[in-house]
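Novice: Work out the full structure, taking the sequences as your base and the hints as a guide.
Taken in sequence, the protein lines are chains A and B.
The opening residue of the first sequence carries number 1 in the working numbering; numbering runs sequentially from there.
The opening residue of the second sequence carries number 1 in the working numbering; numbering runs sequentially from there.
Calculated directly from the structure, the hints in this document are not laboratory data.
Mixed in with the good hints, there may be bad ones.
One copy or two, either will do: identical chains are not told apart, so a pair holds if it fits within one copy or between any two.
Below, a list of computed lysine to aspartate or glutamate pairs in the DMTMM-like style, where the Cα atoms sit at most 20 Å apart [as the list claims (entries may be wrong)]:
1. K202 to D103
2. K171 to E95
3. K283 to E253
4. K202 to E20
5. K295 to D224
6. K104 to D17
7. K104 to D179
8. K144 to D179
9. K104 to D167
10. K202 to E95
11. K149 to E137
12. K104 to E253
13. K172 to D103
14. K172 to E95
15. K241 to E117
16. K171 to D103
17. K234 to E301
18. K202 to D17
19. K303 to D179
20. K283 to D224
Since this is a predicted model, take the numbers as computed values, not measurements.
There are 2 protein chains.
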Amino acid sequence: MSKRIVLALGGNALGADLAEQMVAVQSTSNAIADLVEQGHHVVITHGNGPQVGMIQMAFEAASMTYAHSPVLPMSVCVALSQGYIGYDLQNALHEALLNRGIDKPVATLITQVEVDENDPAFADPTKPIGSFFSKEEADAMVAKGAHMKEDAGRGWRRVVASPQPIDVIEKKTVRLMFDAGQVVITVGGGGIPVTRHGHHLKGASAVVDKDLASAKLAEMIDADLLIILTAVEKVALNFRKPNQQWLDRLSIEDGERYLAEGHFAEGSMRPKVESALSFASSKPGRQALITMLSKAREGIEGKTGTVVG
Amino acid sequence: MSKRIVLALGGNALGADLAEQMVAVQSTSNAIADLVEQGHHVVITHGNGPQVGMIQMAFEAASMTYAHSPVLPMSVCVALSQGYIGYDLQNALHEALLNRGIDKPVATLITQVEVDENDPAFADPTKPIGSFFSKEEADAMVAKGAHMKEDAGRGWRRVVASPQPIDVIEKKTVRLMFDAGQVVITVGGGGIPVTRHGHHLKGASAVVDKDLASAKLAEMIDADLLIILTAVEKVALNFRKPNQQWLDRLSIEDGERYLAEGHFAEGSMRPKVESALSFASSKPGRQALITMLSKAREGIEGKTGTVVG
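Specialist: Encoded structure:
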């Protein structure tokens with residue numbers, strides 16, 4: 001059965017730097033090519049945490065070295081990261097398809113996602129981006145106006161606002177390519193965040209959660225399966241605790257109850273479960289799957305992963 | 001008469017830095033929106049000279065500041081510049097169309113252009129990119145391995161190889177959007193230069209001339225008019241000399257003769273005339289137009305510009 005799939009890649013599918021990225025995109029592309037080979041139509045979305053941080057820091061460093069070098073707004077950094085990642089990923093995926101005898105176009109769209117300028121997220125930045133810093137470095141950066149938070153015991157990182165996605169501006173182009181059987185890479189890094197002012201779209205200092213943006217896109221292009229990839233095979237209740245319980249299926253009712261009860265880690269599994277529930281509840285027949293990339297194929301066949309909806 | 005147009009924007013249509021770019025893309029977008037309003041189908045291509053140089057220098061500066069910050073290959077810099085320019089341009093153009101009551105999708109494709117790894121251009125870099133430097137700065141950069149050339153009395157600039165375009169990798173996606181009446185921004189900066197090795201495409205240290213790449217694309221997507229924009233209204237023989245002669249029409253035979261006689265400045269009007277001739281001679285009925293953006297509309301009506309073919 002051929003499905004219309006939106007596949008949201010996690011950061012670990014892309015690697016942290018350019019050398020890692022070139023290796024990571026190969027195994028990622030092979031797994032995606034397997035799905036295309038099985039006859040599925042695939043739209044690919046991806047995160048950009050390490051990449052957008054690296055880009056922002058590069059321009060910051062350059063502005064300190066050269067008077068005429070600009071500090072780039074976050075929205076522009078996201079646009080650059082879409083080119084940076086998309087170029088490698090479209091190349092690797094096209095190659096993986098050609099290696100299977102499939103000559104299907106693969107292309108990356110520079111994609112904007114609309115957010116509400118009154119979204120409360122703008123008052124409370126929470127989304128970590130870029131490199132890890134020591135407490136001392138972080139304190140110095142806070143003194144200069146940056147928002148910094150400690151990230152799961154791994155060090156301090158910059159944080160930016162993460163507002164809710166309202167619309168995917170380029171949805172008609174994504175739909176055109178999707179319906180024509182072309183593979184499109186879109187909503188990179190959750191999309192370039194923009195707010196609407198009449199006919200004008202203005203870049204916002206934010207990073208949209210890529211899983212929430214992917215769920216919104218999947219709705220808009222009438223996908224029937226949203227696959228949210230992560231580092232574990234299934235969603236668990238009481239993750240890494242003695243009473244941990246893997247979930248094969250998660251109904252919308254149970255999912256909403258677990259969220260209300262505080263299950264699933266903020267900035268990690270929680271937005272994935274929220275995104276899966278959002279898509280699965282948007283129309284009858286729509287489902288989401290949360291699993292790791294290497295299990296995606298079995299997951300689609302109902303053999304593993306957590307099926308939501 | 002509705003035409004299928006590939007419109008190649010010059011660097012001056014985009015501005016040199018982010019602030020200039022945001023202003024420049026507005027007037028550029030209004031002129032393009034006029035053509036769409038008249039019923040023409042438009043694919044937009046553009047240069048990236050100042051932008052790709054700025055991006056390359058930013059990462060160079062960052063790599064000197066942070067040990068883990070990468071120096072980006074030219075091909076990756078071009079990919080970033082496509083995101084950087086495309087984001088602003090697609091936004092401004094969509095807004096200009098909405099202001100005319102036209103709700104037509106506008107999107108940017110990350111686009112690769114194949115070149116031959118044995119192209120003689122790789123042995124003799126000629127294409128200037130990025131900022132201007134003094135003779136002393138240039139000498140220091142040459143000592144570190146950069147190729148530098150003096151640029152028309154304006155100072156010294158880096159130069160990279162400029163090989164001939166052979167293929168536009170994402171041509172089927174451009175064609176899909178073009179045929180569906182969507183506006184596509186593609187082949188930014190002449191496209192990301194890649195060489196083919198079996199199924200693998202490898203980034204090349206080069207910048208493809210954006211007018212030559214646009215001519216190749218126009219052929220491949222079966223356009224009927226290639227508009228090459230520049231700072232002057234028409235092509236001239238003996239440009240800025242006492243015997244200067246503006247050209248209203250340029251036949252393929254005359255164009256080839258003038259090129260052979262050494263008319264038209266290298267790196268300036270010469271590649272534009274070559275691109276125009278290349279497209280106009282590729283199939284009966286195809287024409288090119290060389291003019292300035294503000295005259296494009298009149299040029300299409302045959303009232304000004306230099307019509308080639």
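Novice: For this structure, which hints from the list above don't hold up?
Specialist: 6, 8, 12, 15 and 19
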